[in-house]
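Engineer: Residues per chain, in single letters:
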Amino acid sequence: MTLLNAEDITVSQGGTPILHPVSLHLEPGEPLVILGETGSGKSLLAQAIMGTLPRDLTARGRVALGDHLLDAARPNGFRPLWGRQIAVLPQEPWLSLDPLMRASGQVAEAHRLVRGLGKGEARAQATSDLDRLGLSGAGARYPHELSGGMAQRVAIAAARAGGARVVIADEPTKGLDAARRDEVADLLLAELARGGGLLVITHDLALARRVGGRMIVLREGRVVETGATASVMGAPTQAYTRDLIAADPENWALRTPAAPGAPVLTATGLAADRGGARLFSGLSFDLAEGRILGVTGPSGCGKSTLGDVVLGLLRASEGRVDKAKGLTATAFQKLYQDPVAAFPRHRTLEPTLLDVARRHGQSQARIDALMPRLGLAPVLLTRRPDAVSGGELQRLALLRLLLVRPKFIFADEPTSRLDPITQKQVIDLLCDMAETEGCAIMLVSHDPALVARTADHVLSLGPDAANVDVTPPRVARALQ
Amino acid sequence: MNTLITRGIQALMVAVLIGAATFAMMRALPGDAAYRIAAGRYGYDNVDTAAADAVRDELGLGGPALPAFLSWLGDLLRLDFGTSLVTGNPVIEEIGHQLGASMALAGVAVLLSLVLGPPLGILAGLRPGGVLDRLLLVVSTGLKAVPQFLMALILILILSVQFRLLPAAGHGEARHFILPALALALGLAAVNARIARDAMARIGAMPFYSFAQWKGLSPHQTLWRHGLRNVSVPLLTYLGLQFVTLVEGVVVVEAVFGWPGIGHALVHAIFSRDVPMVQGTALCLGLSFVLINAVIDVLTQRIDPRRAT
Amino acid sequence: MSDAVMIPRPAGHATRWIGATLVATVLVFSLIGPLAVPGDPFAQSLMKALSGPEPGAPLGYDHLGRSIFHRLAHALRLSPAIAIAAVLSAGLAGLVLGTVAAARGGWTDRILTTLADALLALPGLLLVLIVLAILPGTAFGFWAGLSLVLWVEFFRLTRAATREVLVSPAVQATRLLGFGPIYIFRTHIWPEIAPMMLTAAAFGTATAIMAIAALGFVHVGMRAPTPELGLMMVELLPYWREAPMALLSPVIATFALLLSLTLLAGSRET
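Chains as they are written, first to last, in the working numbering: chain A, 1 to 480; chain B, 1 to 309; chain C, 1 to 270.
None of these hints come from the bench; they were simulated from the model. Honestly, I wouldn't trust all of these hints.
[What the hints assert, rightly or not] With a straight-line cut-off of 20 Å between C-alpha atoms, the simulated SDA-like cross-links for lysine to any residue are:
no., chain 1, residue 1, chain 2, residue 2
1, A, 325, C, 248
2, A, 323, A, 265
3, B, 144, B, 132
4, A, 424, A, 288
5, A, 174, B, 176
6, B, 144, C, 26
7, B, 144, C, 176
8, A, 325, A, 350
9, B, 144, C, 166
10, A, 174, A, 194
11, A, 119, B, 218
Note that this is a predicted model, so its numbers are computed, not measured.
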């Protein structure tokens with residue numbers, strides 16, 4: 001029996017179509033993945049099926065949910081089905097829980113008000129839900145006392161409490177590290193195994209692979225390819241799908257190691273603390289021109305802290321960083337995770353870049369020469385940072401660094417907010433920079449595959465360091 | 001706990017500031033201050049040079065400024081305000097009489113503003129950009145541009161002088177409350193409504209508010225269980241900050257309506273340069289602000305556990 | 001408690017335009033009016049007390065036979081002038097101290113914040129009244145007292161915004177790129193606080209005008225025979241029945257002035 005059947009769903013904004021007809025159906029026990037990059041319309045499709053589109057967008061099409069027939073153009077008809085027929089998993093579970101209500105209350109209220117259980121019964125049911133998800137004893141906590149993973153599980157319990165059989169998960173792994181991403185995927189599959197349908201919307205190829213089932217690939221509001229997830233990912237038939245899959249770090253070619261140049265820095269016995277807890281200790285390494293040191297590990301393990309210590313922005317609890325002699329104060333630079341936050345937001349990019357060029361004895365001509373090298377159109381310079389796409393702005397940030405001629409760049413998750421194809425472009429440029437500019441790079445990423453294929457050496461931080469090929473002590477003196 | 005210590009420091013600083021200001025006021029008194037104070041204490045007929053000298057020594061008025069200031073502050077911190085220069089009664093007694101009348105007026109005004117403002121604000125915030133929202137914006141902007149004394153004047157002209165519905169002055173009966181309380185409440189309600197509206201609009205747009213409805217809760221249930229509690233935190237916080245506006249309003253409105261409260265007394269005390277009374281009333285008002293905000297700190301921490309950490 | 005800063009939000013364009021036009025109208029009236037119709041705001045002529053408009057006195061006469069038109073024009077120059085002077089000095093002090101507190105941190109920040117928090121607990125009118133009692137000259141006293149009250153708001157806004165900007169990645173990047181504090185103030189901090197300062201200045205001006213009028217109205221501000229908005233209202237109040245227009249003139253003018261400033265400022269985010 002088909003759980004959900006959506007036919008010819010379209011979305012338009014003021015008469016302009018932004019999602020072209022898409023049909024999909026959801027069978028019990030078989031997940032459906034909608035894969036697409038930013039602007040592909042994948043979230044619009046999900047919102048049209050749930051009746052949660054923003055007011056200025058209009059949807060068309062027919063949705064059959066169990067024995068309910070709905071018109072996508074009338075979103076009000078969907079409301080009675082929320083929680084009872086469709087459960088929606090939010091993008092950012094932390095922000096999706098009421099900060100002023102305890103975790104168990106947020107699950108119990110759905111049991112009571114949606115399923116109609118009595119007060120005590122609802123509370124008991126909520127406790128058993130949380131126990132089943134491995135959250136025994138966490139029910140009395142407030143959301144800010146939960147970790148991201150725990151919040152995710154509370155959100156799943158709350159979303160499912162109303163008894164819905166169809167689960168729609170919109171980018172459920174946004175901003176999660178690899179371990180947490182797999183955990184979420186397994187959790188969703190476990191819910192699926194209890195009977196029901198699962199629709200996962202994502203740009204994350206690793207998540208798609210893990211979820212399996214069937215897949216729809218979207219691009220710019222149109223369906224590119226459909227089929228079984230395993231076969232689409234194994235043998236894509238469309239050029240775009242091929243590009244997309246090739247852009248997955250798992251599928252990147254290994255970078256040829258660069259010959260080390262002159263030494264840039266030596267770190268000896270570094271240790272750092274956060275909030276009284278030791279993040280890492282006894283880290284020693286050298287870094288030479290043209291080399292890339294990859295740093296990986298789960299969220300909160302101190303990757304960014306290490307970079308800031310090397311840059312001199314934070315003081316190490318122990319140990320020291322020695323810069324090579326003759327390097328200027330601006331030889332050490334940083335590439336940020338969120339490029340929008342790294343530029344002055346009230347100015348257009350041209351004066352910002354020109355100031356940097358002048359400060360370092362260069363002219364407009366140098367900017368003009370670098371723009372095409374980074375694949376950037378001149379018109380971007382007339383815009384403010386928030387009016388430029390993430391990939392373009394990250395390349396402009398690279399351009400800004402090139403004006404300084406740095407000897408060391410700390411790249412702090414520079415592509416974690418970018419789509420796969422854009423991510424590959426930026427990482428390729430970064431590797432290129434290491435080689436042509438003779439620059440040492442410390443590349444932080446939560447994605448072990450990305451680091452493994454890019455870096456000359458890998459430094460793995462965190463408790464499960466033993467799982468990775470190179471453990472911190474072995475990195476010492478290994479980078480020359 | 002931490003916030004209570006901060007409030008304690010704030011209270012201390014308030015006392016020091018008021019001490020400094022009233023000390024400067026005392027020193028700036030025209031003529032012989034000691035003589036005037038002695039006159040206030042013992043009556044003009046009983047004042048002689050000896051009594052004035054005794055006061056001079058006691059308050060350190062003749063000596064260098066710093067020791068005099070320190071002894072002045074010392075008296076203040078021991079809550080020894082002395083006696084009124086005008087009536088000769090202890091300041092504490094005078095304030096005790098007036099505080100009740102002011103608190104009654106302020107309490108009625110705040111209640112009235114809470115009945116009028118936040119419910120409208122929340123309704124408007126549930127549909128930002130809707131008819132009610134735009135109407136409320138116009139009305140609240142207009143009301144905010146009317147200072148309390150002007151509101152009092154307009155209310156007196158319309159309700160008291162033109163239509164003779166309510167008394168413009170007097171104190172003691174319930175109907176005497178209506179005009180002064182309304183003059184205070186309308187301005188407060190305009191601000192409350194905006195704060196509630198902005199908070200509701202912001203909370204309504206938060207992911208958890210949508211998620212609550214996706215769980216299957218009705219709009220009404222969502223507002224009741226997730227909206228109001230979240231709106232109450234910013235509302236309470238700004239209610240505390242608004243206390244200063246309320247006190248300013250009380251000072252003016254009491255003077256306009258001849259309400260025998262602390263604000264009325266303060267205006268008179270400043271007018272007649274009754275420094276001990278000014279000091280007592282100012283300290284009373286400043287410390288009430290700190291106290292009320294400390295209570296609100298504790299309340300908001302109970303509602304919002306994130307604030308307690 | 002210092003985190004509870006109301007962040008001013010610029011008003012919509014249309015609202016600001018209406019506000020600016022209304023402010024301009026009031027100012028034009030007060031500055032050009034007496035040039036177009038010459039007259040003396042102090043000259044009494046008891047014969048004409050409470051009589052209606054005539055060419056030499058377009059708004060009629062008050063209870064002492066003084067031209068309300070000229071008294072109003074004078075009053076509409078006096079309080080805005082004091083208010084703007086107070087806002088300028090308070091704004092400058094708040095901007096400098098707020099930036100210093102945010103940039104230096106430590107004890108500088110702690111002392112300034114404690115002082116600002118203590119002032120916040122005191123009703124502004126009370127401070128103005130005490131300063132008026134200490135300093136000679138009412139206009140000077142108003143300026144000093146209002147400056148003392150108003151700097152706190154500018155300080156808190158500047159401090160909060162500057163602190164936030166200074167820890168942003170954008171400023172960190174700019175520092176790493178080799179730029180100094182002046183460049184950071186010019187490109188990061190000022191663009192962030194300038195629109196807030198404008199809004200706070202409009203609010204501050206309205207607050208100051210309200211304070212001057214309120215104290216005039218309860219006889220503890222400007223003294224007769226100075227033409228001042230609050231004082232004019234309380235003087236004309238007893239003659240409401242005989243000459244309603246005489247009382248309504250300062251009432252309408254005050255409301256128009258305050259409304260225009262409120263519109264110019266826009267609303268505040270909570």
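Engineer: Check each numbered hint from earlier against the structure, then list the numbers of those it violates in ascending order.
Structural biologist: 1, 4, 5, 7, 8, 9, 10
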